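Using the sequences provided together with the hints, build the complete structure.
Each chain is listed here by its residues.
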Amino acid sequence: MLMAYAERVLDYYNNPRNAGTLDKSSPQVGTGLIHVPEYIEVVRIQIEVSPKRHVIMDARFKTFGCGAAIAATSITTEWLKGKTIEEAARLDHMDIVEALSLPPAKIHATILIEDAVKAAINDYRFKNGLEPLKEEEVPEEGYELEEEHN
Amino acid sequence: MLKLPVYLDYNATTPCDPRVVEAMLPYFSETFGNASSRNHSFGWAAEAAVDLAREQVAALIGADPKEIIFTSGATEADNLAMKGVFEMYADKGNHIITTEIEHKAVLDTCKHLEKLGAEVTYLKVNSEGLPDLKELEAAITPKTILVSIMYANNEIGVINPIKEISAIAKKHGVLMMSDISQAAGKVPVDVNRDGIDLAAFSAHKLYGTKGAGALYVRRKSPRVKVTAQMDGGGHERGMRSGTLNVPGIVAFGKACELCQQEMEAEGQRLAALRDKLENALLQLEETVVNGSKTNRLPHATNISFRYVEGEALMMGFNKNLALSSGSACTSASPEPSYVLKGLGLSDDMAHSSIRFALGRFTTEEEIDYAIQTVTDTVNKLREISPLWEMFKEGADMSSIEWSRL
Chain A
6 MLMAYAERVL DYYNNPRNAG TLDKSSPQVG TGLIHVPEYI EVVRIQIEVS
56 PKRHVIMDAR FKTFGCGAAI AATSITTEWL KGKTIEEAAR LDHMDIVEAL
106 SLPPAKIHAT ILIEDAVKAA INDYRFKNGL EPLKEEEVPE EGYELEEEHN
Chain B
7 MLKLPVYLDY NATTPCDPRV VEAMLPYFSE TFGNASSRNH SFGWAAEAAV
57 DLAREQVAAL IGADPKEIIF TSGATEADNL AMKGVFEMYA DKGNHIITTE
107 IEHKAVLDTC KHLEKLGAEV TYLKVNSEGL PDLKELEAAI TPKTILVSIM
157 YANNEIGVIN PIKEISAIAK KHGVLMMSDI SQAAGKVPVD VNRDGIDLAA
207 FSAHKLYGTK GAGALYVRRK SPRVKVTAQM DGGGHERGMR SGTLNVPGIV
257 AFGKACELCQ QEMEAEGQRL AALRDKLENA LLQLEETVVN GSKTNRLPHA
307 TNISFRYVEG EALMMGFNKN LALSSGSACT SASPEPSYVL KGLGLSDDMA
357 HSSIRFALGR FTTEEEIDYA IQTVTDTVNK LREISPLWEM FKEGADMSSI
407 EWSRL
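So the protein sequences, as listed, match chains A and B. For the first sequence, our numbering begins at 6 and goes up steadily by one. For the second sequence, our numbering begins at 7 and goes up steadily by one.
Hints are supplied without guarantee of correctness; some may be wrong.
What the hints assert, rightly or not - In silico BS3-like pairs for lysine-lysine, Cα to Cα no more than 27 Å straight-line: (1) B:Lys386 with B:Lys398; (2) B:Lys149 with B:Lys121; (3) B:Lys347 with B:Lys398; (4) B:Lys386 with A:Lys29; (5) B:Lys398 with A:Lys29; (6) B:Lys149 with B:Lys176; (7) B:Lys110 with B:Lys121; (8) B:Lys216 with B:Lys72; (9) A:Lys86 with B:Lys386.
Keep in mind the hints are simulated off the structure, nothing from the lab. All figures in this text were calculated on a predicted structure; none of them were measured in a lab.
Encoded structure:
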C-alpha cells in the first residue's frame, strides 16, 4: 500500500514544508486543532493573517498521523498562503485528495485537515470580532491545488 | 558492508536457508515422483524423501513421525485442527476456548464454527499478553471440546505457559491445541512435555518454503482424530487429501533439522542483538515495550513510540528497513492492531507501535543501522507532531482545548 503512494506524497513527507508553530496568543494568528476519536490522528493548522485585507501571510502545521496525513497537511499550508480567509474557507478536502492522488483509504485524513483549516479561520475571526463561518461553507468553485504548486 | 534494505520482519516470513534450497532442488525435476505412486521407483524415491522429512519435522517438536500431517501451511493446519475436532467430537460438545489475541487463522475459524453452532469463549489477556489460567479453568464446561492457545504471539512474541494451560485442559478431559508457528524452531517445543494434542505450524517461518506446513495430531493418550476437511485420495492417514508437495516437504524437513541443531546458539545470539536494539530505542523518551519482557521469543520485540504514528514511521525508512507496524491505515477508519488493543493499549499507543523481528541472517551491523534509522525518524516525526509539542510543554492531554467547528 505504501508503495502505491504518489511521489508527491513522499516528497512532502520527506521534506515537509511549513512544519512548525506560530504564536497562538497573537490576535493575528488563528489556530485549528482537530482530532479524530481516540486521538489516532491529530492535525493542527495555524494561519497568520494580515488584519487589513485578511490575507493569510503565513501558515504552519503539525500532524500526528500517517505519512499521507502529514504530506496532505503540509501541501494545504502551502496552498493557504496568499489566500484571503474567505478564499481559504472554500477549501474542499477532495482538492487535497486530488492534489496528492491519495487512495480512498486516506480520504479521512483530508476531512480532518479541511476541518482544521476552518477551525483556524474561525479562531482568527473570533479573535477579531468577526462572525464565525457558516456551518455549511460549500465551495462555489473547486480550487486546484495541483496547478498552484507545480 | 551493510546491504540495504535490512529485513527485520522475520515473524512475517523468513528467507529460505541456502542449505534448505540445496536439499529441495533435486525434487523438482529429477526425483519428481508422486509420493503416492506405489508401483515404481519414482514414487518410492519421493516417498522415501517425505518419510525422512516427516522424521525431521517430528523430531523438532518431540513427536512421532506418524503424528505429522503435512498441509499447505499453518493456516490450513489451524483450520483442519479446529474444524476437524469440532466435527469429530460433536457428540461430546461444541464449546471451544481460545484467547482474544490469537492469529486470525484461529479467530476466523472460530467465527466460522460459531455459525455452525459452536460456542466460543475468547479469553482476555493481561497487559503482558497472557491469559488468566483461573479464568481458563472457570470457562471449561462439560461441553468443552478444545482449548486453542498459541505458543507464542506473532505480534508481541510473548510465550504462553502452554504446559500449565494443557494441564488444566487435560484435567478436564479437553483437547489442547496450539498454533506453534512462531515458536517452532525458535524455542524448544516438545508436544509431550508441553502436553499438546494438536499443533499447527508452517515451514516458511523457520527458513523453509511458503506453501508447506504441518498439523501434529497426537496418536497416544489420548488418540486424537480430526475429520478431514478436504476429500480425495485419502493421503496423510485420511486426514488431508491431496498430492504431497514433495520439494516443499523436503525443505520443511531440512529446515526443521537445521533449527534443531542451531536453535540454542541462534537464540542466544539473537537475544543479545534484540536486547541491544531494544535498549538503544528505549533511550528515546516515551517509548515502551509491549507485552511481557520475561516470557517471550528471543528474537522479537514490539515497541510503541508515543506521539508518532507507526505507518508514518515506516514511511520514513521502508525503502531501507523492513518492519511491521500495529497501525493499519487501510480502511475508511484506521484500525489499530487487535492484539495490542487486547493488551489494553490505547488506540494511539497501538498506532504508535513497531514490531521488530530478527532472524538467522540478521547482523549486528544491521541492528546498528536500524537503531540509527528508527531513532532519527522518530525524532523527525516528533518535531512535527502536535501531541509531542503539547507533551513537551507539559500540557495535560485531557485539558487540551480542541477546536470546535
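Hints versus structure:
Restraint check: the Cα-Cα separation between Lys386 (chain B) and Lys398 (chain B) comes to about 15 Å, which is no more than 27 Å; the hinted pair holds. Taken as a hint, the Lys149 (chain B) and Lys121 (chain B) pair is honoured in the structure, with Cα atoms around 17 Å apart against an allowance of 27 Å. Taken as a hint, the Lys347 (chain B) and Lys398 (chain B) pair is honoured in the structure, with Cα atoms around 26 Å apart against an allowance of 27 Å. Annotation: proposed proximity of Lys386 (chain B) to Lys29 (chain A) holds, straight-line Cα distance about 23 Å (limit 27 Å).
For the suggested pair Lys398 (chain B) and Lys29 (chain A), the alpha carbons sit about 16 Å apart, so the restraint of at most 27 Å is met. Between the alpha carbons of Lys149 (chain B) and Lys176 (chain B) the distance comes to roughly 14 Å, so the proposed pair stays at or under 27 Å and holds. A hinted pair counts as satisfied when its Cα atoms are at most 27 Å apart, and Lys110 (chain B) with Lys121 (chain B) qualifies at roughly 16 Å. Our distance criterion of 27 Å between C-alpha atoms is met by Lys216 (chain B) and Lys72 (chain B), whose separation comes to about 23 Å.
With a C-alpha separation of about 24 Å, the suggested pairing of Lys86 (chain A) with Lys386 (chain B) holds against the 27 Å cut-off.
In this structure, none of the earlier numbered hints is contradicted; all agree with it.
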